[in-house]
Amino acid sequence: MKIRKGKFLSRGIRLHDMKFLAKDIPIEVMPAPEIISISLGQHIGKPAVPVVKEGDFVYQGQLIAQADGVVSANVYSSVSGTVEGFEKRPVANGAIKDYILIRNDGNYMYRPLDPLPDRNKETVIARIREAGIVGMGGAGFPTAVKLAPKQTPDTLVINGAECEPYLTCDYRLMVEKTDEVAQGIRLIAKALGVTKIVVGIEKNKPDCIEKFASYEDFEIVVLRKAYPMGSEKHLIYSCTGRKVPVGKLPSDVGCVVNNIATAYAVYEAVELDKPLFERVMTVSGKAIVHPANLLVKNGTRFDDIITHCGGLRDTTAMLVSGGPMMGPCMISTDLYSGKTDSGILALDSSETDSRNPSPCINCGACAEVCPMHLLPMMIDFYTQARDYQKAREVGGVDNCISCGCCSYVCPARRAIVQSITLCKQKLASKG
Amino acid sequence: MNVIISDTPHVRKRRTTKNIMLDVIIALIPAVIAGIVFFGYKAAVVLIISVASSVATEFVYSLCLKKKPADFVRNFDFTSVITGLLLGLSLSSTVPWYVPLLSAVFAVAVVKMLFGGTGKNIVNPAVCGRVFAFIAFQAVMISGWADAVFGPVEGSIKAGATVLTSVLSEGVSAMGLTNLDLFLGTGLQGCIGETCKLALLIGWIYLGIRKVIRWEYPLIILLCTAFTTVFLNKADFAYFLPSILSGGIFLGAVFMATDYVTSPSSRVAKYVYYACLGILVAVLRHATKIEVVSFVILLMNLTVPIFNRIFRPVIFGAPSIKEKLKARAAKKEAK
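Protein sequence lines correspond, in order, to chains Z and X.
Counting in the working numbering, the first sequence runs from 18 upward without gaps.
Counting in the working numbering, the second sequence runs from 134 upward without gaps.
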């Protein structure tokens, strides 16, 4: 049993984590609705290419869209039924993506993947790729690509920080499926060929720390409760003391980071031959009647999920897909769940704040909290002045991780993160 | 269903610009009360004139920009109230009514609004207003210091001189007052707000507790001034307390120099900036034998872009200054 304290992260912010809303509610299976709509672009990179036609019968767990290239992922059907057709619809952030519509026959005829003959480095990675597993923390980067870095890593860091407020899906997995998650972590380590496994867990989850401490092969790091503790670079620093150099990747310091949900998906894919077509989502917020942790099939309509949780209260002020720090606002609940959706939040007006921005008073609060030690107010200033090069030079915009700490503390309510995103886009388009 | 659509993050810290400015006003209240107790109703009149004309100036300016009065009320962030208060506190209670009025109009209209309003001014409006008053109304400003109503100073100080000027010109032995008198402001002559250091200290502690400013910022200024003064007077520590308890340095250090808008952005830059400010105050006081705090703050305000350029935080993951020096040394050795 190895438990140690994580390296102190001096910047960042302390939030009301609001996890008490859904923390103690066990994971519950959400019944699939009659029609599901599965997105082909549930990952970073090219959307998957459909391999079924309209009218085809599909089993639960059947491949319906194939990965297009290396940075892409397979998509599986989450129910059995007939393919109703294809459609284009907006996702939460407004981008338009392709969807496959499947009519659920209610029988859930399940076909697993072929069993793995043996479990070595290559077969595990191949299985992870085959099962369509992506980083389930939100980025959606294909895990198989992550597990084959250019530099040979020596440490696997597991992200059990779950630093976003409200979200408790990883927490529930850690508590309820401890052995399975641990087995998944070991499989990832095997795929990477590393023996050192570090699990970083925030201080506010003492029961998880206790449970994981019983495994001899893991090193448990108790992290300070801060946002953004789960950011790759800061997690690595806190867990191992290594700093990822500017412009480099975690693998350059010999680390690979994966999160709890991904580890669980790996366990299911390798041990149970189950492809990734469902995940645990947190439905929370003060405006939800019954907050819950649900095992949701891909392609379930958010509206159905909310109805399943007792619906919205009249006080609902805002709907968020994902965590409140980085997740986008939802215009409607007519959206469909995917591999990277970690939660649905319904916030009331006491929890959210959407006042209009006022002029920057140069209080320096954003620079005080920036975990990357940038000067967000300078980036904002130069972006407003359309001098993007200067924003890069003075503010260091390239290093921003878009965590939103600057906007969180800004007393003038300025949209600093949005300025930075705009600046990044402008710089990228200019080359 | 009506839901709000807004940018990330959806949770925000409760503090707003308005809250911060209200905190500063609350922190100034002890100084205002002390000023009125010490100098009587005249002090209140000066303060009211300067605050009222500051706010009125901002209002008229926004009308000139064809903004609706309702918008003005909604976006009003109390910065002009602070400007007016600080300006009034840094004037003597004996000044004629037009001095606070004209200085406040100058401070808000020319120094703040012409540059673009809140957050865009390059120098502190209140300090600039005070300097304006000194230059424009020299005769009334220098001749008329009022005696505080408390204390035993009959004849101990020459007419027309403040404690500071007598200390500066004749040495600390000519002060004729104890440090406690200086701290409490009993028996002093001076500006409304600069007299009672106790009141300012309370304000400082309040600002520190509310985290409006970091508590060490004014301390850096005061310590740098005190130590430099001691050093300039051949290490005579009798100068240590009088140098910071007399004149305008206390008010300047706590409320004027730490103004957000006219300070550098990053924390390291702020430390260096405040240290420079403190040292410069002591040096210029020694050289000119007059009170220079407002001039020094004005001067340092203009150098803020330089501090911003030189002192940038080291990005997380970039080599620190120590590592850079090591790398350089290693290169030299390799050669």
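Hints are not guaranteed to be accurate.
Pairs of lysine-lysine residues, derived as DSS-like cross-links and limited to a Cα-Cα distance of at most 27 Å, are as follows [what the hints assert, rightly or not]:
#1 Z:LYS260 <-> X:LYS459
#2 X:LYS146 <-> Z:LYS24
#3 Z:LYS194 <-> Z:LYS167
#4 X:LYS344 <-> X:LYS253
#5 X:LYS457 <-> Z:LYS24
#6 Z:LYS213 <-> Z:LYS167
#7 Z:LYS291 <-> Z:LYS63
#8 Z:LYS220 <-> X:LYS344
#9 Z:LYS242 <-> X:LYS146
#10 X:LYS457 <-> Z:LYS407
#11 X:LYS455 <-> Z:LYS22
#12 Z:LYS303 <-> X:LYS146
#13 X:LYS464 <-> Z:LYS407
#14 X:LYS253 <-> Z:LYS242
#15 Z:LYS407 <-> Z:LYS63
#16 X:LYS146 <-> X:LYS455
#17 Z:LYS303 <-> Z:LYS22
#18 X:LYS253 <-> Z:LYS441
#19 Z:LYS443 <-> Z:LYS63
#20 Z:LYS443 <-> X:LYS253
#21 X:LYS455 <-> Z:LYS260
#22 Z:LYS194 <-> Z:LYS40
#23 Z:LYS441 <-> X:LYS146
#24 X:LYS464 <-> Z:LYS265
#25 Z:LYS24 <-> X:LYS464
#26 Z:LYS36 <-> X:LYS146
#27 Z:LYS24 <-> X:LYS344
#28 Z:LYS303 <-> Z:LYS36
#29 Z:LYS265 <-> X:LYS455
#30 X:LYS468 <-> Z:LYS220
#31 Z:LYS260 <-> X:LYS457
#32 Z:LYS114 <-> Z:LYS265
#33 Z:LYS22 <-> Z:LYS291
#34 Z:LYS36 <-> Z:LYS138
#35 Z:LYS228 <-> X:LYS455
#36 Z:LYS242 <-> Z:LYS40
#37 Z:LYS24 <-> X:LYS455
#38 X:LYS457 <-> X:LYS468
#39 Z:LYS260 <-> X:LYS253
These aren't lab readings, by the way, just hints derived from the structure by calculation.
Just so we're clear, the structure is a prediction, and the values are computed from it rather than from any experiment.
Open item on the list: Between the alpha carbons of LYS457 (chain X) and LYS24 (chain Z), is the straight-line distance 27 Å or under?
Closed with: Holds, because 23 Å separates the two Cα atoms, which is no more than 27 Å.
(request) Take a quick look at whether LYS455 (chain X) and LYS260 (chain Z) sit within 27 Å of each other, Cα to Cα. (result) This hinted pair holds, its Cα atoms lying about 15 Å apart.
### Query
Does LYS407 (chain Z) lie within 27 Å of LYS457 (chain X) when you go C-alpha to C-alpha?
Distance ~24 Å between LYS457 (chain X) and LYS407 (chain Z) Cα, so the pair holds.
Given the proposed pairing of LYS457 (chain X) with LYS468 (chain X), does the C-alpha separation stay at or below 27 Å?
-> holds, 17 Å
| Given hint LYS265 (chain Z) paired with LYS114 (chain Z) - CA-CA distance at most 27 Å | With a Cα-Cα distance of about 31 Å, the restraint between LYS114 (chain Z) and LYS265 (chain Z) is violated, given a limit of 27 Å.
> Holds or violated: LYS194 (chain Z) with LYS40 (chain Z), Cα cutoff 27 Å?
Replying inline: holds, 15 Å
* **Pair hint outcome, LYS22 (chain Z) versus LYS291 (chain Z) [Cα-Cα no greater than 27 Å]** => At roughly 36 Å apart (the allowed maximum being 27 Å), LYS291 (chain Z) and LYS22 (chain Z) break the hint.
(request) For the pair supplied as a hint, LYS253 (chain X) and LYS441 (chain Z), confirm whether the alpha-carbon distance does not exceed 27 Å. (result) holds, 25 Å
Q. If you draw a straight line from the CA of LYS260 (chain Z) to the CA of LYS253 (chain X), is it 27 Å or shorter?
A. violated, 37 Å
- Query: Taking 27 Å as the top limit, are the C-alpha atoms of LYS443 (chain Z) and LYS63 (chain Z) close enough?
  - Reply: holds, 22 Å
Would the hint linking LYS36 (chain Z) and LYS146 (chain X) be met if the CA-CA limit is 27 Å?
holds, 18 Å
Does LYS40 (chain Z) sit within 27 Å of LYS242 (chain Z), going by the straight-line distance between their CA atoms? holds, 16 Å
The structure does not agree with the numbered hints 3, 13, 14, 15, 16, 17, 25, 30, 32, 33, 34, 35, 39 stated previously, though it agrees with the rest.
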